[in-house]
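Novice: As given, the protein sequences belong to chains A and B, one line each in that order. Note that the working numbering has the first sequence beginning at 1, numbered continuously upward. Note that the working numbering has the second sequence beginning at 325, numbered continuously upward.
Keep in mind that the hints were calculated from the coordinates and are not lab data. Remember, it's a predicted structure, so these values are computed and weren't measured experimentally. Warning: the hint list may mix true and false statements.
[To be verified] Some chain A residues close to chain B (C-beta under 7 angstroms, calculated; not the full set): (1) Leu45; (2) Gly49; (3) Ala50; (4) Asp55; (5) Ser59; (6) Ala66; (7) Ala67; (8) Val68; (9) Asn96; (10) His102; (11) Arg104; (12) Trp105; (13) Asn164; (14) Ser228; (15) Asn253.
Cβ coordinates follow ideal geometry from the N, Cα and C atoms, glycine included.
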Amino acid sequence: MPILTHLEAIRQGIWEEMERDPSVFLLGEDIGVYGGAFKVTAGMLEKFGADRVIDTPISESAIVGAAVGAALVGLRPVVEMQFMDFIACGFDQVVNMAAKIHYRWGAAVPIVIRGPSGAGVHGGPYHSQSNEMWFVHTPGLKVVVPATAYDAKGLIKASIRDNNPVIFYEHKFLYRRIKDEVPAEDYVVPIGKARVAREGTDIAVITYGAMVWTALEAAQALEQEGISLEVLDLRSLLPYDEEAVLASVRKCNKVILLHEDTRIGGFAGELAALISEKAFEDLDGPIIRVTAPDTPVPFSPPLEEYFLPNAKKVAEAARKLAAY
Amino acid sequence: MRAIKSPKTAKIAYHRADGLLPQSPDVGTLERMLYYLKLTREAEYRIERVLYRQGKIVGGVYVGRGQEAIGVGSAIQLVEGDFVLPSHRDFSSFLIRGFELKDLLANWLGRANGPTRGRENTTHVGSLKLGVIPIISPLGDTLPVACGVALAFKLRGRKNVALVHFGEGTTSRGDVHEAMNLAAVMKLAVIFICNNNGYAYSTPTERQYAVKDLCVRGPAYGMPGVTIDGNDVLAVYQTVRQAIERARAGEGPSFIECKTFRMTGHSAHDAAEYVPKERLEEEAKKDPITRFEKLLLAQRVITTRQIKQMEQRIQKEIDEAVAYAEACPFPRGETAIEGVYCGPDCWWETGSAV
């Protein structure tokens, strides 16, 4: 099976969907001639032409709004945010226009808004955010955050085929660092289904995105100490796989909720509430969160390192929890 | 086809008149225009001044009293496959595009068989089949959407156009800038129609923008911009027609400022005491419906008797529509959780436009 990077897998997924469905087209800043800031769309202009790979002015709101308009009349736009931080400029179109149309008057809005998010590459406060929760709290949207190359391809394809607005987070730290076996044939990974990334028995680490790899690293380190971590990769945050979360909690009876996003209002809060409501009797210890602190993402490497959760922080939390 | 000229047309300031020549609708269209002007005025009167005051319509009520000529003069000339994205004061656009008054009233009343099944109020009603995409309350959002509709037309080689209406207050929003720029850069078939009705809620134009006429915004983006008398339905018709022809020919977007006046409050609860009385009296003399009616009578397009009959027919239609809407059931509360997502079985109309 071919080995692809996270980034190549996303590109291949989009490419295949464009070949499969002529209504799929791309809209974004510097995605054509330049191939995108991270080169996700490299080669697409040459292959699919300027009608389907459209460079736009710097107008995130108009880009999202135009995608909505094109989607309403039958096309399937895939929008690139050069950095997911900039989606704030198009926020209104996402949460007030795209997310609510189907509920309001019944039309479908099959758009994908994708782009690089996350820290670890010294991008500073505006090229590093994990702002997925802005959209997880908006009914009508779907929010997808893949960790592996296999899932990135399968989920981008599922997102493009979905009849709802999907916000697709690509972690820029993973783009070229993660390689996977990715089937050349057509497949999709369903939105809303989690994946057990590693089976374990003592503590369930529930996470998503780049932190899946952090959790796996911690799990490997703790193995030698006799602590067995299960790692659950959520893959989608809206909708999310409640059953898989509860299954891992019931199996391990202890849980760490891990995310790169900041703490207050992060996804861990939702998971903690769910676990408390539906699996309270199964818990043998407190629900522990490992997250970034409630600050903007700092630039300077020592600050950023302090800000980000890492395997060491997860392992420390796991050791404390194991003692219960 | 009978040529007719609006006596006011000559006074209209075309700030960029290049290529904009007056054209006239035929008699049948003129009659339809009068009918929709009157139907809109009367239906909105019933909504704002009767059903709202009776407590039967709840929530915000926004009507376009005094500015009906803009919606009528523009939407009347759309063809199948075209789209209109009306403002909240363009009730006529919905009727002209084929929405039934009874369904719109059922929606105003929050009933289960209104087109939004009670999820939305006022004129937040859309139909892909009829080519209507509704406004949302954060203003200006429909302008980029109109660009996307026109982009789809362009990608599919269609000659259709998207008309989008917005108030002068909306022109202060960033989405208007982004959309007008995008449409000009991509040469999209969008007609930007600014219904300048003097007030954005309580804010007068001098606190909204610092130019005399908004038409200067057009050339600033690389598209024609004109300011016209928005109470002259024929001026609206002619100007929009030229913009549509331009757009269908692939020459890109146009910006049209239609000057009019809001002859009511921002919404039904608003007595609009901030509007000087003298201004209202002065604007009342320019009523678009009275003017058009006089013109049609003077030109012998229609008789007084025919107008009377039209008015009787309209009252009957409204009575029947209200009776229908009031007899419709309210939705069951638990249906509130349905239809957030469009699944394989959802109630969406497929986007068949392109």
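Novice: The structure should be examined with respect to each hint, and the outcome stated for every one.
Specialist: Evaluation of the provided hints:
1. For Leu45(A), the interface hint is violated, the least distance from its beta-carbon to any beta-carbon of chain B being 15 angstroms, above 7 angstroms.
2. Among the interface hints, the one on Gly49(A) is violated; its C-beta lies about 10 angstroms from the nearest C-beta in chain B, farther than the 7 angstroms criterion.
3. Interface restraint check for Ala50(A): the shortest CB-CB distance to chain B comes to about 10 angstroms, outside 7 angstroms, so the restraint is violated.
4. Interface hint status for Asp55(A): violated, as the beta-carbon distance to the closest one in chain B is roughly 10 angstroms, over 7 angstroms.
5. At about 4 angstroms, the closest approach between the beta carbon of Ser59(A) and any beta carbon in chain B falls short of 7 angstroms, and the interface hint on this residue holds.
6. Checking Ala66(A) against chain B: minimum C-beta separation of about 4 angstroms stays under 7 angstroms; hint holds.
7. Annotation: interface hint on Ala67(A) holds; nearest CB of chain B at approximately 6 angstroms, less than 7 angstroms.
8. Residue-level restraint check for Val68(A) holds (minimum Cβ-Cβ distance to chain B is 5 angstroms; threshold 7 angstroms).
9. With a least beta-carbon distance of about 5 angstroms to chain B, the hint placing Asn96(A) at the interface is held under the 7 angstroms criterion.
10. Hint status for His102(A): holds, given a least beta-carbon distance of 5 angstroms to chain B, under 7 angstroms.
11. Hint status for Arg104(A) relative to chain B: holds, with the closest Cβ pair at about 5 angstroms, below 7 angstroms.
12. About 4 angstroms separates the beta-carbon of Trp105(A) from the nearest beta-carbon of chain B, less than 7 angstroms, and the hint is met.
13. Look at Asn164(A): its Cβ gets to within about 5 angstroms of chain B, closer than 7 angstroms, so that hint holds up.
14. A least Cβ separation of about 37 angstroms between Ser228(A) and chain B goes past the 7 angstroms threshold, and the interface hint is therefore violated.
15. At a threshold of 7 angstroms, the smallest CB-CB gap from Asn253(A) to chain B is about 33 angstroms, leaving the interface hint violated.
Checked against the numbered hints given earlier, the structure breaks hints 1, 2, 3, 4, 14 and 15 and satisfies all the rest.
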